[in-house]
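J.: Go ahead and model the full structure; you've got the sequences and the hints to work with.
So the chains spell out like this:
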Amino acid sequence: MRQITLSQAVNEALAEEMRRDERVFIIGEDVAEAGTPFKVLSGLVEEFGTARVVDTPIAEPGFMGLAVGAAMTGTRPVVDLMFGDFIYLIMDQLCNQAAKTHYMSGGKLNVPLVLRTNLGATRRSAAQHSQSLHALVAHIPGLKVAMPSSAYEAKGLMKTAIRDDNPVVIFEDKLMYNDKAPVPEEEFLIPFGAANIKREGRDITLIGTSSMVQVCEAAADLLAQEGISAEVIDPRTIVPLDEATLLASARKTSRVIVVDEGHQSYGVTGEIASRINEQAFYHLDAPVLRMGAMDVPVPFSPALEDITVPTPEGVAAQARKLMAGEMIHAAE
Amino acid sequence: MPRNETSGLPPHEVIMPALGMAQDSGVIVAWHKALGEAVAADDVLFEVETDKATMEVPAGAEGFVTHIGAEAGAEVPVGEVIALIGASSDAGQGAEGSGSAPPVTAEPVPEGDNVIMPALGMAQDSGVIVAWHKAPGEQVAAGDVLFEVETDKSTMEVEAGFDGYVAALLAEAGEEAPVGETIAVIVAEKPGTPVQKSRGAVPAAKVEPTEKSPSPAPAKAKSNAPAQTSPPASRTGRILASPKARRLALEQGLDLSRLARAGHPQPYHVADLEVLRALPAASAEAAPAVSRRLTAEIPADGFADFAAWAADSAGLTDPAALLAGMAAASLGKPGAIVAVERLGATRFYVTAAGPLSGVSEAPPDAVPDLRLRDLRLSRISSLALGAEDAPVLTLTPSGGGHVVTLECAGDQLGAADAVALVSEFAGRMEQPLRHLL
Amino acid sequence: MTKKTNTEDYLRMYRQMVRIRTFEDNANKLYLSAKMPGLTHMYSGEEAVAVGICEALKVTDKITSTHRGHGHCVAKGAAFREMFCELLGKEEGYCRGKGGSMHIADQSNGNLGANAIVGGSMGIATGAAFTARLLGKEDVTVCFFGDGATAQGLMYEVMNMAALWHLPVIYACENNGYSEYTRTEEIAAGSICARAEAFGIEAHQVDGQDVLAVNALTRTLVERARKGEGPFFLELMTYRYHGHHVGDINREYYRSKDEEKDWKDNRDPIIRFRSWLVEEGIAGEDEIEAMNEEIKADATAAVEYALAARYPDVSEVDMHVYTDVTHALARSPA
Chain A
1 MRQITLSQAV
11 NEALAEEMRR
21 DERVFIIGED
31 VAEAGTPFKV
41 LSGLVEEFGT
51 ARVVDTPIAE
61 PGFMGLAVGA
71 AMTGTRPVVD
81 LMFGDFIYLI
91 MDQLCNQAAK
101 THYMSGGKLN
111 VPLVLRTNLG
121 ATRRSAAQHS
131 QSLHALVAHI
141 PGLKVAMPSS
151 AYEAKGLMKT
161 AIRDDNPVVI
171 FEDKLMYNDK
181 APVPEEEFLI
191 PFGAANIKRE
201 GRDITLIGTS
211 SMVQVCEAAA
221 DLLAQEGISA
231 EVIDPRTIVP
241 LDEATLLASA
251 RKTSRVIVVD
261 EGHQSYGVTG
271 EIASRINEQA
281 FYHLDAPVLR
291 MGAMDVPVPF
301 SPALEDITVP
311 TPEGVAAQAR
321 KLMAGEMIHA
331 AE
Chain B
1 MPRNETSGLP
11 PHEVIMPALG
21 MAQDSGVIVA
31 WHKALGEAVA
41 ADDVLFEVET
51 DKATMEVPAG
61 AEGFVTHIGA
71 EAGAEVPVGE
81 VIALIGASSD
91 AGQGAEGSGS
101 APPVTAEPVP
111 EGDNVIMPAL
121 GMAQDSGVIV
131 AWHKAPGEQV
141 AAGDVLFEVE
151 TDKSTMEVEA
161 GFDGYVAALL
171 AEAGEEAPVG
181 ETIAVIVAEK
191 PGTPVQKSRG
201 AVPAAKVEPT
211 EKSPSPAPAK
221 AKSNAPAQTS
231 PPASRTGRIL
241 ASPKARRLAL
251 EQGLDLSRLA
261 RAGHPQPYHV
271 ADLEVLRALP
281 AASAEAAPAV
291 SRRLTAEIPA
301 DGFADFAAWA
311 ADSAGLTDPA
321 ALLAGMAAAS
331 LGKPGAIVAV
341 ERLGATRFYV
351 TAAGPLSGVS
361 EAPPDAVPDL
371 RLRDLRLSRI
381 SSLALGAEDA
391 PVLTLTPSGG
401 GHVVTLECAG
411 DQLGAADAVA
421 LVSEFAGRME
431 QPLRHLL
Chain C
1 MTKKTNTEDY
11 LRMYRQMVRI
21 RTFEDNANKL
31 YLSAKMPGLT
41 HMYSGEEAVA
51 VGICEALKVT
61 DKITSTHRGH
71 GHCVAKGAAF
81 REMFCELLGK
91 EEGYCRGKGG
101 SMHIADQSNG
111 NLGANAIVGG
121 SMGIATGAAF
131 TARLLGKEDV
141 TVCFFGDGAT
151 AQGLMYEVMN
161 MAALWHLPVI
171 YACENNGYSE
181 YTRTEEIAAG
191 SICARAEAFG
201 IEAHQVDGQD
211 VLAVNALTRT
221 LVERARKGEG
231 PFFLELMTYR
241 YHGHHVGDIN
251 REYYRSKDEE
261 KDWKDNRDPI
271 IRFRSWLVEE
281 GIAGEDEIEA
291 MNEEIKADAT
301 AAVEYALAAR
311 YPDVSEVDMH
321 VYTDVTHALA
331 RSPA
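Residue numbers (full-length UniProt numbering), protein chains in the order written: chain A, 1 to 332; chain B, 1 to 437; chain C, 1 to 334.
For the record, the hints were derived by calculation from the structure and aren't laboratory data. Just so we're clear, the structure is a prediction, and the values are computed from it rather than from any experiment. Beta carbons are placed, not taken as given, at the ideal position from N, Cα and C, and that holds for glycine. A hint or two may mislead.
As the list claims (entries may be wrong) - Here are some, though not all, of the chain A residues that point toward chain B, as calculated from beta-carbon distances under 7 angstroms:
#1 S254
#2 E278
#3 F281
#4 Y282
#5 H283
#6 L284
#7 G325
T.: This is the structure:
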């Protein structure tokens, strides 16, 4: 199968959907001729024109609010938020307006909107351009949250998001835009709420989101050398969450580590761990572990930044402890 | 040096024992008795970790713990006094360096209607309180069930007998109290500070050093003996086990408490259920309640070279005989019969004082004083098989060295003898030439 | 416009204003008699603004509304019964009881919903106008908001974009003189119209108590907006008779009773328009009284209906969270 970058995969998904449905348009800062700073959208304005690839002023709440109204009245906007960190700027429009409109109207109004943005540290961008804030929006009922882990997922999930009648937030890892993966030429969609078992295993389940799926796979390689068989699961969307697949794996292996690049406290890792604990408790032979980013603002210095995020070595080390039964010594 | 100033008899001094070959200090892992608590001579008083192993040390004298001089986690030089056992429960006497520390006094028992342990059976002189149905401070009517008591015959619910509030519960569930002893006090007015005590803790212990966890074991210890620093059971008696291990045990009719009684380190995971299945049948362990299990780590194997040297230089070509001789010498019992189980066969040896050349093979129907199970070539890293007909020393592989495990019934070897045996044998295995000196 | 041909329009404008006033009188009573949950903000006094503007719109044109939104809702064509049901949290309410007073949306009449975030709907209104342009529709969107909302940054972001892209949106600022419990002069520096003019947006200040003036201006602007001449900005000078919300009774610390009396006695939009209708011979006093009574009876019947109506079944609590999931909290079999 051909290999394309995550960036190309997103571009393809948008182009295909814009060709299929003329109500789809892209709006955001420097999305047209510039094609965004990451060049993900390059070429789209040539095909679809400035009416459908709309450059805005630097006014995130403004264009987000505009997109909500446009979505409510019959279009399907794809909002480009240059950095995930800017999500704080659009919180009212996203969480008070887009997320609640369908509910508050008793089901009469829809907001079929895609907010595509990014996450991920270690790009030496410091604390305001490096955050992974998906947990913030996953907390809000009414939003769906997709987290592609490769070019394949990036394309399939984007196409599904555009066809969804609900507001969907897609977080791409900005460090993965140039990562290649096999992506079929023919059209495909990836349904929401269907986790992908990346690798089957026997002894321990590693659940990873976005680029942490790669971290989990690398950790599984390390563990395999020691005879520990790790199952790696990519939920692909955290809202909706494929609980059934996660629980089945937890029941099978009895040990789970959840790895995510958001801050560890009050985050995705804790949520998934909690659900497993609630629903697979009597199948657990060890406590479910969380591994998120450190609870610190992302530092600039490479020496500091690199230690704030989970690594394959760190995941493998925790997995070994779980295997050795060393996690509940203080249980008394 | 502390002195007993209130009693004619000097208190028993508990010192940090010398347990290893070249040990000059030990770390107190946990105290098993609290200040003021009654203790028997062979009760385990504390656990100590040396460079070799973690061991439980008996009190060595009967009485009350009147002084504890080092907290759990502290490293104490060998020979230093770490506790005093006195004839009375007056704690604080002779406290070194802190003589002004006030004695721990019992919380006063409130005045009121006394509820006593009733005589319910024909020839009953005590009863075990199974459960309290009222909590301290709770309102109670005379006809309310206050507690459940178990006698030799049955379990019965006992009514309070008085209206009012529970001002004091003077025994804990699970404790035995003599018939006629006051075990609860009921008062008319709601008490401000209701009292709850156990019978064993009079006066109420305020220091509970066993709750202090030891510093984390170094990583090197994790594969073979991580749990030696963990408590054998929680203070409440609850067995620590993973949810899955607990569920599987329940489904398969396995009793996790047997693992605990066998001294197998907690917490239990699914893998430990294999050990549980392998335990001898209940009758075997039903005998003496006390079983001993000690382990010592031998970081470097000195024996293989020694055996080669002995074969070449002294013509002693049977390593099993060498092991038997070293084991008997470690036991401090020249002439002992040692059964050596090795490579699937058991051979018996009569040992003698002096050189290892004095060891000779005994008939297979000999009654051994000691069994030595040589599993150095196996993949077993840890075991807990329970007591057998004689004390059993087991050698298992560990990194470049070995782990030696002693298991025996409490009546087969005293605690101190058990400690000495393991220490001696571990030392000889590490440096066999010591045996010749 | 001649009065003969427009008789029907004038009477409908009068009727709509009275309907709003009557609705609010009933809502106020419901609240004060503790029959209505939550809280509500009365539109009484500002009727000429909503009616003057909405009578210039087609059903397919869109509006966005505010926390003080009952007037916009009635003016855009909503029915009493579903509105009262919504106010009381009943199943038959416009939003099945999920929105309440501050979130009534009536999509069938182009009302995209009231918004409880001050200034929160400015983006939505601008986006609705964007849709019209992208899809080549003729729809115009009116964004209602108060003077208080002019302090929100979102307004400037979206007016900028609307002006850049000539979107068919009319920003209708209902200046009732008070930003919640604070006089507008204390929260708004400079001119309100000048804010829009800074973006090159044509802005008009108009007497919001004169329904004909409001209507005439809006008709012109709506037609121009349809032709791509938008956006426009209106500052409608008006007055709210009640406090910020129905419980805001003791308000003399920010507003005198004399001032309220003056507006009610001398500038009431309904009284003024009624006099004009009679003077112009469009309607007689009897006819008007009969209309008032009929509206009162309608409202009374709707209130009674709503009071007796069913609450939504509790199973609805997790419905309408997502369009494609009937019950959001139903767990997939695990």
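J.: It remains to establish, for every hint, whether it holds in the given structure.
T.: Quick rundown of the hints versus the structure:
1. The criterion of a C-beta within 7 angstroms of any C-beta in chain B is met by S254 (chain A), whose closest approach is roughly 5 angstroms, and the hint holds.
2. Taking 7 angstroms as the C-beta contact cut-off toward chain B, the hint placing E278 (chain A) at the interface is violated, the least distance being around 12 angstroms.
3. The interface hint given for F281 (chain A) holds, since its Cβ lies 5 angstroms from the closest Cβ of chain B, which is under the 7 angstroms cut-off.
4. At a threshold of 7 angstroms, the smallest CB-CB gap from Y282 (chain A) to chain B is about 4 angstroms, leaving the interface hint in force.
5. Taking 7 angstroms as the C-beta cut-off, the interface hint given for H283 (chain A) holds, the closest approach to chain B being about 5 angstroms.
6. Satisfaction of the interface hint for L284 (chain A) is found here, the shortest Cβ-Cβ separation to chain B being roughly 5 angstroms, below the 7 angstroms cut-off.
7. For the restraint placing G325 (chain A) at the interface with chain B, the shortest Cβ-Cβ distance is roughly 4 angstroms, inside the 7 angstroms limit, so the hint holds.
Violated hints amount to a single one, hint 2; each of the other numbered hints is respected by the structure.
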